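Q: Protein sequences, first through last, are from chains A and B. So in numbering that gives the first Met the number 0, spot 395 of the first sequence is number 394, and the numbers just go up one at a time. So in numbering that gives the first Met the number 0, spot 34 of the second sequence is number 33, and the numbers just go up one at a time.
Any given hint could be a false lead.
[What the hints assert, rightly or not] Simulated crosslink set (DSBU-like; lysine-lysine; CA at most 30 Å straight-line): (1) B:K138 with B:K170; (2) B:K170 with A:K321; (3) B:K138 with B:K70; (4) A:K321 with B:K70.
Hints listed in this document are in silico derivations from the structure and should not be mistaken for laboratory results. As the structure is a prediction and not an experimental result, all values here were calculated from the model.
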Amino acid sequence: MIRSLRVRLMLAAAVLALLFMLALLPALQKTFSLALQESIEQRLASDVTTLISAARVENNRLMMPVLLPDERFNLPDSRLLGYIYDRDGRLVWRSRATANENINYQPRYDGRGNEFARIRQDDGEEFFVYDVEVKLLGGKSAAYSIVALQPVREYRETLNGLREKLYLGFGAALLVLMVLLWAGLTWGLRSLRRMTVELDEIESGARDGLSGEHPRELLRLTRSLNRLLRSEREQRGRYRDSLGDLAHSLKTPLAVLQGVSEGMAQRPADREQARVLQSQIERMSQQIDYQLQRASLRKSGLVRHQVQLRPLLDSLCGTLAKVYRDKQVEVAFDLVDDARVPMEQGALMELLGNLLENAWRLCLGQVRISLGKVDGMLELCIEDDGPGVPPDQRERILQRGERLDRQYPGQGIGLAVAKDIIDSYDARLTLGDSPLGGAAFRIRFTAD
Amino acid sequence: MKLLVVEDEALLRHHLHSRLSESGHVVEAVADAEEALYQAEQFNHDLAIVDLGLPGMSGLELIGRLRALDKTFPILILTARGNWQDKVEGLAAGADDYLVKPFQFEELEARLNALLRRSSGFTQATITAGPLRLDLNRKQALLDEQPLALTAYEYRILEYLMRHHQQVVAKERLMEQLYPNDEERDPNVIEVLVGRLRRKLEGDLGFKPIDTVRGLGYLFTERCR
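Please construct the entire structure, taking both the sequences and the accompanying hints into account.
A: Shown next, in the form of C-alpha cells:
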C-alpha cells in the first residue's frame, strides 16, 4: 500500500495520461496513414498522366520517347516504375528503372477506368499501383493500361518515423506533465505540511493549538483538533484540581483520626484497638495517595512532551538539600545542559522526586544522576552510595505497585507510583548495583 | 518554644494544639492565613506549622508573605496531596520541611525539634555550656552529669536563654514562651522564675551563667555548643 498522498495522486495521473495517450495513438496513426495514402495516390495519378501525355500511337503501335519529361522515369535506380500494357495484358513498354525489377502484375482491362491498389509480390515486397485504362491516345483509338508503381516500403518508413516521433513527443509530454503535477501537488499539499509542522510543535509543547491559517477544506479538521486539544487540557487541569481537593478532603479527616488513635493509644486498655485503627488509617492513606497519583499522572494521549531535565532536577535537589540539610549530600550530574526527557512535566517531577528522595534517604553522602544513550535508547539513571537492594528483593520492590494491599512496613508508595508512571510511558524501570556502592535505578525510554 | 499552627480543620487544629502544648510548647493555633499573618506580626514565634490547603489565601501565599515580612523562623508545611509539585513549591516559597497527612505525632515532633535545633545553630540534640548540658529530646538539664530538678516553666526559660546565648533576651520574649498571647500575664513571674533557676544552677559549683541587663532583660553569658 502506498502511504504518500502525493505519490498516489502522481501515479493516478500518470496512469490516466498513459491510457489517454494509448487511445489517441492508433487514431492519430490511422489518420496520418490515410492522408499519406491519398497523397501517394495523387502523385501516382499525376505520374500516369505524364506517361499518357508522352505516349503516341503510330500504325497501331505505341511509341514512347527515349527520355520522359519526368526525370524519375528516366533514372535507372528510381523507385518510380512505369508500365504500359495492351488490352490483352501484354507488356508493351516499361520505364528504365524497371530493368532490375520483375513485377508480377496483370492489369484488368475491364472498362472501369482508374484503379488504385496495393499488390504483393512473391518475394514479399509490396507496391502501390495506379492503373489507368485509355481508349484514345493523341486522338487515335488505342486500348492500353498505363500503370505507375511505387514500393510500399517508403510509405512504411515514413509511417514508422512518424510513430517514433509520436512516441517521443508523448513521452516528453508525459514527463513535462508529471513535473508540472509534482510542482502543483507540492504547492497544494504545502498546507498539509504546515499542519504537520504545527502538530510537531504542539507535541513538543511549543504551541497550544493549530493556527487558523489553513485552507478552507482543512479548517473543519483544525478547528475540531483545537477543540479536542483544549478540552483535553482543561479536563486534565480540572481532573488534577478535583483530585487535589479529594486528597485534601479525605486525608485531613484521616489526620484527625490518626490524632484520635494516638490519644487512644495512651490508654493501656485501648492500645490494641488503637494499633488496628492506625494501621487501617495508614493503609487508607496509602491507597488514596497511590490511586490519586496514578490517576493524575498517566500519559496524555495527544501531546508528546519533551521536558528539560536540568531545571527540574535543580529544583528537586534544592528541595531535598533543604529537607536533608544535616546530611550534606553531594550530587553529581552527568548530563548535557539541554538534556530533555520525553515525559510530561508533572509526571517527571513526581517520578524523579520519589526516586531522588529514596536516594537521599538511603545514601551515605553521594547521589549521581545521569542521562545518556544506551543501546540506542535514552536511559536515565539515579545512583546512590547507600546499602543498595539485595538481588532477591529487587523484583518484589518493583512489583509493589500491583500489590499494594500486601503491606511491607517501612516503605512508602513512592516507588510504586514511580513504577506506574514509568509503565504508562512505555518505559522500563530496572534496579541494579551502582559503582558508587548502593542502588542504581535505571529508566529506559523506548525509542518513540 | 512558641509555635504558630495554621490549620483550617478544627479537630486537627485542636489535636495539634493539645499535643504540642503537652510537649512543652506555647501554641497559637489559627484557622486561616489572615489570622496567621496578624499573629506573626504581633508576636515572636520560633516556628510555624502551615497547612497548604487553606481556604482563602493559600498556605503557599502565606509562607511567601511571612518571608516578605522578614520572619525567619522555620516553617513546616502540612500537605494532603503529598505530590512533589506542592513540596517543591512550598520549599521554594520559603518553607523548610514538609509532612504529608496523615502523620504520626512523633514524626511531627521529630521534624519540629530538628528544625528548631537547626534554626538556633545547633546540630546535636544537646546544648552544652560549661558543666551544664541540656537534652532537648528529653527536655532535661544536667549539671555536672547530675539531673537538675526543674519545673516545666523553668526548663523553658533555660532552653530559650541557651538557644539565644550571648544575646540580651527581653522579659517580654520569655513571657511569650510561657503563656499564650491572650492570657493574663504578670511580669513578676519571670523574675521569680529566673531567681529560682539561678539558685538551682548555682548549686555547689557556683555556676552563674545568667546576668540581668537592667531595663533590657537577661543574658546567658556562657558560650553554648
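Q: All the hints need checking, so say for each whether the structure fits it.
A: Consistency of the hints with the structure:
With a C-alpha separation of about 22 Å, the suggested pairing of K138 of chain B with K170 of chain B holds against the 30 Å cut-off. The suggested pairing of K170 of chain B with K321 of chain A is violated, with an alpha-carbon distance near 33 Å, which exceeds 30 Å. Straight-line distance between C-alpha atoms of K138 of chain B and K70 of chain B comes to about 26 Å, which keeps the hinted pair within the 30 Å bound. Restraint check: the Cα-Cα separation between K321 of chain A and K70 of chain B comes to about 18 Å, which is no more than 30 Å; the hinted pair holds.
Of the hints listed earlier, the one the structure fails to meet is number 2.
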